[in-house]
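K.L.:
As a plain string of letters, each chain reads:
Protein chains: 2
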Amino acid sequence: MENKIQLSEKEIPRFFYNIMADMPNKPMPPLHPGTREPITPDLLEPLFPRELIMQETSAERYIEIPEEVRRIYAKWRPTPLIRARGLEKMLDTPAKIYYKYEGVSPAGSHKPNTAVAQAFYNKIAGTKRIATETGAGQWGTALAYACQAFGMECEVYMVRASYDHKPYRKVMINAFDAQVYPSPSDRTEYGRQLLRENPGSTGSLGIAISEAIEKAASDPEAHYALGSVLNHVLLHQTIIGQEAILQLEKAGDMPDMIVAPFGGGSNFAGIVFPFLRMNLAEGQNIRCIAVEPNSCPKLTRGKFRYDFGDTAGKTPLLPMYTLGHDFMPSPIHAGGLRYHGAGVLVSQLLKDGLIEAVSESQDRCFKAGLDFIKAEGIIPAPEATHAISTVIGEAVRCREEGRSKTILFNLCGHGHFDMSAYEAYMSGSIKDANVTDEEIGASVAGTDMFQPA
Amino acid sequence: MENKIQLSEKEIPRFFYNIMADMPNKPMPPLHPGTREPITPDLLEPLFPRELIMQETSAERYIEIPEEVRRIYAKWRPTPLIRARGLEKMLDTPAKIYYKYEGVSPAGSHKPNTAVAQAFYNKIAGTKRIATETGAGQWGTALAYACQAFGMECEVYMVRASYDHKPYRKVMINAFDAQVYPSPSDRTEYGRQLLRENPGSTGSLGIAISEAIEKAASDPEAHYALGSVLNHVLLHQTIIGQEAILQLEKAGDMPDMIVAPFGGGSNFAGIVFPFLRMNLAEGQNIRCIAVEPNSCPKLTRGKFRYDFGDTAGKTPLLPMYTLGHDFMPSPIHAGGLRYHGAGVLVSQLLKDGLIEAVSESQDRCFKAGLDFIKAEGIIPAPEATHAISTVIGEAVRCREEGRSKTILFNLCGHGHFDMSAYEAYMSGSIKDANVTDEEIGASVAGTDMFQPA
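Residue numbers (our numbering), protein chains in the order written: chain W, 1 to 453; chain L, 1 to 453.
Hints listed in this document are in silico derivations from the structure and should not be mistaken for laboratory results. This structure is a prediction, so every number in the text was calculated from the model and none was measured. Wrong hints could be hidden among the right ones.
Identical copies carry no separate label here, and so any pair may be met within one copy or between two of them.
[Unchecked claim] Capping the alpha-carbon separation at 27 Å, the derived lysine-lysine pairs in BS3-like fashion look like this:
#1 Lys26 x Lys314
#2 Lys128 x Lys26
#3 Lys431 x Lys367
#4 Lys128 x Lys4
#5 Lys10 x Lys367
#6 Lys123 x Lys374
#7 Lys431 x Lys405
#8 Lys250 x Lys367
#9 Lys374 x Lys10
#10 Lys96 x Lys250
All chains, full assembly: derive it from the sequences and hints.
P.N.:
See below:
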C-alpha cells in the first residue's frame, strides 16, 4: 500500500463544480451598498471581467476549465493525496487519515488554483494589470505568479505590519515581477487620507482591500482580484476535492468526515464541495467540518447578517456569518484566517445545517503542527494546523471509542515562511488568543449591517 | 505529453549503485593522519557503524537498500522528474531540459537520502546518538529528521555565523527534536580552546566538523555522521540517478549531458553515477558536468593531493582535488558549496577525464535562479542555481548552433530558507566572489598535504 496516491496530469479535472446547482436553498443576492437593492452585473464591471461576474451568479453545475488554465495547473497538479501513516502511528488510532497536500504549488498553498483562473479570464478580457491586497502574503504571491504567467502587471497592497515583519513573502512577490506596496499607501485617496490621520498606521486587510479596489476602479486598464469569500473563488478551488475523490477511489476508500481550515471559505469549499454534492445529490452522509480560530469565530459565534466585505464599506453587502466588518481579530499567526466574515455559499450551507463548524485555540494548533512535523516530515502552515488539531482530536476519539473512521483533511499549505511563528511557540511565547462574548456583541451591534428579510 | 514524470513507490530503487565496481582506476586508500599508512577499518569504529565502514571500501556493484530505509524514502520518493517546458520556452531553445526535483523531501534537499540510511545503520548497530556539523543547515535538518524517525538523539554543531543569521534552520532542527549548538562551542575541548583564543569566533565548517568528531569519539554510545564527500554518502545518493533513468525511459529520452552543483560531491554523484555506469560499462557517451562556484574552485583550479577533510587535521588524509584544508572560501550564499575538497571517487573520475568540471560566478547564478523562478515557479536553493546557470548556457548554445540536446540536471533543493540571499541579489548587493591564482597557490603551498606517489 502506497503512502502517496498520485494522479496523472490527464486526470486534472476538466470542470469546476458549482455547488449553487445543488443547494436546497440558494443564497440571497448581494446588495448595493448605497441603495441596498440587489446589485446588477454591470456594477461589478469596473472590478471584474465579465466571465468571472457570470461565474459569481451562475447556476450551472459544471463550468469548463479552459485548456490554458489546465496547462498551468499541470506544473504542480494533480497534488498528492497522502495517507498519514506516521500520524496514525503516533496517535495509535484505528482511524485512517488522508491529507490532500496543496503546499506543492508555486506559492506554497492552494491559492494559485483560483489566481491562475482569475488571471486567465482577465487576460482574455484585455485587462492589463490586476490590483489586489494581501495579508501574510500567500494570496499576493499566488496572484503575482499567475499574472506573470499570462504577461500581465500585478500590484499588491500588503498590510504594512506584514510588509515590515514578513519580508520574504515580499521578495517572492518581487521575484514574480509584481509590485508590492505597504498599505496604507500614498497611491490611493483612501490610503493618503489614512496616512494623514495616522502616519504610523500598520494597516489591516480591510484597508488593503479598499486600496486595491480604489486603484482598480480608477484605472480603465485594471481589474481587481480577491483570494477567497466570493463564489467564483470557491468555485475554482473545487478541483481540490474533485482530485481527492479520484484518489480515494483509487485507494478504495471514502471519507466519513472532511476537515479544513476556515478563513473566508475557499480552502474549505475547495476540498468539501465536491464531496458535499454526494451528500446533496446521492444521499451520502459525510461530515464536513470547518475549523476556525477561537479568536475569529464567525461561524461558531458570529451572526448571519448582510455585511460588507471590507472595513471601509465599499463592497456590496453580502448575506453571511460575520463578526461585523469593524471586528479586529487578534494578531494570530494564521493570518489567512483573520477575516470577519464567511463566504456567502458556505454561510448558507451552515445556516441550513449541511456543514459543521468548530473552533480551535492557537496554542493547541501549534502543538498539533509540531506533532505533524515529527510524524509526517512536512511543516504545515499555521492555517493548516487548525485542521490538523481537529483531526487529531477526532482520531484520538476513534481510539478511545475503538472505532475506525476515515478522515480526510486539506493540508492547504507549507509553513516554510512561518518558522518565526513556530519559534515563538517553542519558546513558550504563544498563548491562546480568544475573544469574549461582550467583544463580539459590541462589534456586531456597533457595525452597520442588517438581518436579511 | 506530461510535465512531471512520476514513478510509484514500488519503483523506489532496491539497491544503491557503487561506482567503485566500474571505475577503471580505483581510488588510492585514505591514510592515517599520524603514520600516513593506509587506515584500517578498526580506526574508524569510534566514528561510524561497521556497515558504513564496509560500504566505504566496498567493491560490490550493488548494495541492497534495507526495507526500513525504503519505507521512509516512500514518504517523499520517488521524487518527480520535470520537463522544464517553461524554461525551454523562455530561452527559445531547441534543447530538451529535464530536472530531478529533490526539494520535496522533509529537509527540502537531497540530504535525507543518506541521512536516513546512515541513521538506520547506526540504529541497528546500537548507536544512541549521532553528532554532526552543519553549515547553512540543510544537512543538520536532514540528520535531525532521520534520527527522530529511528528514535535516536542528534546533536548538531552549527557554524556560529549561520546559527546567528539563519535562525529558521535551527527552528526546523529543533522541531525534529534535535539539539543545535553554535560552533565553536564550550561542549568540546577544541571548541573551548578556540573560544579562549577568540571568544567572538564566528566558526567555520572545518571547526564544526572537528567538534562533532571529538564529541562522537569521546562518547561510547555516540557516532559521527558526514553529509557529503565520503564514499558511502555518495553511494546512498545514487537512488536519484537510478530513478531518473527509469523516468527518462518512460519519457522515451536519454540525456546528452547531466549537470549538477558540486560541493563535496554527493549531489553530483547522486544523479550522475548511475548514468556514468552506462558510459563505463555500456559504451554510452553522456557528458557529466560538475558546477562549482568561482570562489571555491577545487575541481577547476585546485590540486590533486592527499589532504585532510577538516581544518584541524583530525580526519584521515584523502586523495582529492583540494584548495588546501586551510582555504577559507568567500561567504557566498551557496553555503553547501563552500568546501575546500572534493570527494575521493569524484576526484579520481575527474583525474581520469571521465567527468567534466566548470565554475560559475555568484551573480550569474542568482540571475539564473530568478529566471528559473519565473519560468518554472520553483525557488531553487542557491546551490542549485549553479547547475541552472550552466544549463542555461548550454541551452542557449543549442539555440545558437541550431542543435537539440537533451539536458538533465539535479535541482537539489528549494530556496525557501534562502530568501534573504535573493533579496540581496535583487537589491544589487551581490557581486561575484572570485579568488586569485595567488590566493589558491598560497593556500595549497602553505597547507600540510602531499602529492600521491
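K.L.:
Please go over all the hints and tell whether each is borne out by the structure.
P.N.:
Hints, verified against the model:
1. For a Cα distance limit of 27 Å, the shortest separation of Lys26 from Lys314 inside one copy, 24 Å, qualifies, whereas the shortest one across copies, 75 Å, does not.
2. In this assembly of identical chains, the alpha carbons of Lys128 and Lys26 never lie at most 27 Å apart, being 34 Å within a copy and 62 Å across copies at closest.
3. For a Cα distance limit of 27 Å, the shortest separation of Lys431 from Lys367 inside one copy, 11 Å, qualifies, whereas the shortest one across copies, 42 Å, does not.
4. In this assembly of identical chains, Lys128 and Lys4 lie within 27 Å of each other by CA distance neither inside one copy nor across copies; the values are 40 Å within and 31 Å between.
5. Within a single copy, Lys10 and Lys367 get their C-alpha atoms no closer than 38 Å, and across copies no closer than 33 Å, so neither meets the 27 Å cut-off.
6. For the identical chains of this complex, Lys123 and Lys374 are inter-copy neighbours only, at 18 Å across copies versus 43 Å inside a copy, given an alpha-carbon limit of 27 Å.
7. Taking the closest pair of Cα atoms, Lys431 and Lys405 never come within 27 Å of each other, the shortest separation being 31 Å inside a single copy and 57 Å across copies.
8. With identical chains, the CA atoms of Lys250 and Lys367 are never at most 27 Å apart, being 32 Å at best within one copy and 43 Å at best between copies.
9. In this homomeric assembly, Lys374 and Lys10 come within 27 Å of each other (Cα to Cα) only across copies, at 24 Å, whereas the closest approach inside a single copy is 34 Å.
10. When the C-alpha separation of Lys96 and Lys250 is checked against a cutoff of 27 Å, the pair qualifies only within one copy, where the shortest distance is 15 Å, while the shortest distance between copies is 33 Å.
This entry does not satisfy hints 2, 4, 5, 7 and 8, going by the numbered hints stated previously.
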